[in-house]
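Could you put together the complete structure from these sequences and hints?
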Amino acid sequence: MSATTRESATSSSLGRALAAIVLDVVVPGSGHLLVGVTAARRILLCATTPAVAAVIAAAITAVLDPAWLAGLLAGPGALTMLSLVALVWCAVILATVAHLVRHLVRRPLPFRAVVATATVAALLGAGAFAGAAAVTDEQSRRVDALFADGAGLEATDGRINILLVGADTAPDRSATMPDSISIVSVDASTGRTVVIGIPRSTINFPFPAGSALASVYPEGNFCSTGCNINHSYLYGQEHPELFPDSDNPAMAALTEAVTGYTGLSISAFVVVKMQGFVQLVDALGGVEIDVKKPVPRTGVPNAEGDAPTVAGGDIPTGVQRMDGETALWFARSRFNSSDSERLQRQGCLQRALFSQSDPVAILRIGTGILDAGDDLIETDIPRASLGRLGELAVRAKNYPLGRIELDEPRVNPLLPDLDFVARLIAAALAEKPLPDPPSLFAPTPEETSDGTSGSGSPGEPTGNGSTAEDEAIAVSEAVCAVPAGD
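The opening position of the sequence shown corresponds to residue 1 in the UniProt record's numbering, with each subsequent residue numbered one higher.
Simulated from the structure, these hints should not be mistaken for lab results.
Using N, Cα and C, we set each Cβ at its ideal position, and we do this for glycine too.
Be a bit skeptical, because a hint or two may be false.
As the list claims (entries may be wrong) - Label-pair ranges, simulated between beta-carbon atoms:
#, residue 1, residue 2, range
1, N336, Q275, 22 to 32 angstroms
2, S338, P218, 26 to 36 angstroms
3, G285, S265, 27 to 37 angstroms
4, E241, P316, 47 to 57 angstroms
5, S338, K432, 26 to 36 angstroms
6, A151, F335, 44 to 54 angstroms
7, L415, S466, 38 to 48 angstroms
8, T190, R334, 30 to 40 angstroms
Right, dumping it as structure tokens:
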């Protein structure tokens, strides 16, 4: 054999050897097959092929059913399992490459090239999995710290109801107070979601029988001023002895108040702090809102000692791509505005965030929440429910987001008709047409000029055919809207 032929053969053999090393990093055992190392390849391939097949099957299933993947990744122990898998794969890569190198160095190949390539490939491959294991383990610890212990959430009447509160924790406030109050009601089977907005100024409603607040105020929250529903939060904060079994007496009190008003059993709560909301919107890359009326970046004192805040010019009309700070002002601004308008703006934001988020954005949000911990949110959602909630969150994207406001023109928050509130909520959750408020009831025969019953039955709401989904879309055009196509 000529020198040229030998060099060509050596070069070819070296190329195959280096390729084998790289292949072994990607799929341990496949490199052995390339260079004909038969002693270990069957064992390695038998061990790794099922793992690779499982990954491929999982990827296909995830594409066909993203909700399954969300439930799996958010489930209890998922992060710990991923961390262990990454560590095991790291060890397999190192052992496989080391075994291959021992065989290759016996051949007439450049020793340094083989060892150098093997070292770099092994460090890159194993290092990537080792790093992934470390990150995953840290995220698992953060999940354990943020979410509660205990059994998973139980649905009531087929729904999981989460009390969502936006907490005003600005340094210029004399006390932390809920700035927005909503119930996120999720169908436990389909994920269809309805948001029920509750004005913070709501008064005159009962407390649940047997509750801590009912023991102090058996007549309920019936007053003329100074007892807004959001003040229940402060009351619980000041009277923790009433809620000895709760780690968050403020939210325990607010939960009782909300249950008394709406009749809905609350499964869990989530408190989003102001800076947390900013981070959530920024993690999404902003949110797009069609602003119909300029919104001043100006706040007013909410209690004695609170200073007004001015943060620049108005948020202009038109379609605006808002960052977190701008979106927060859009939701909170109360200068030359009403609580009703604020609720409508908050409804626009919730619907926009719901419609404009995608799985990648949701993953960024989840990572951001874990990074910030309780500086961002507080919650009593148990870890055991994360998988189920993750699956329902993905399934919810198959339906439009429903929303109703327990506010004018349907409800007077200062003197609510509690029977009507119950019917309104029931219709929204059942995907039925929403009833008209009592003042729009169909006339009785005595009230009509011809003695007939008019267009409806006596004492029953006529309804205009709109559902909670229609209400969400038909947020007052004078205030804001979600751009078409989202």
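May I ask you to test the hint 38 to 48 angstroms on the CB atoms belonging to L415 and S466? Distance hint for L415, S466 is violated at roughly 24 angstroms.
Mind checking the hinted window 26 to 36 angstroms against the Cβ distance between S338 and P218? About 33 angstroms separates the Cβ atoms of S338 and P218, which means 26 to 36 angstroms holds.
Given a hint of 30 to 40 angstroms, does the C-beta separation of T190 and R334 actually sit inside it? At roughly 36 angstroms between Cβ atoms, R334 and T190 fall inside 30 to 40 angstroms, so the hint holds.
Confirm or reject the claim that G285 and S265 have a C-beta distance inside 27 to 37 angstroms. holds (36 angstroms)
Quick check: does the Cβ-Cβ distance between S338 and K432 fall within 26 to 36 angstroms? Holds - the Cβ-Cβ distance for S338 and K432, about 29 angstroms, lies within 26 to 36 angstroms.
Using the C-beta atoms of N336 and Q275, is the stated range 22 to 32 angstroms upheld? holds (25 angstroms)
Hint says 47 to 57 angstroms; check whether the CB-CB distance for E241 and P316 agrees. At 50 angstroms between Cβs, range holds.
Is it true that A151 and F335 lie within 44 to 54 angstroms of each other by Cβ? The hinted range 44 to 54 angstroms holds for A151 and F335, with Cβ atoms some 46 angstroms apart.
Hint compliance for this structure: hint 7 is the single one not met.
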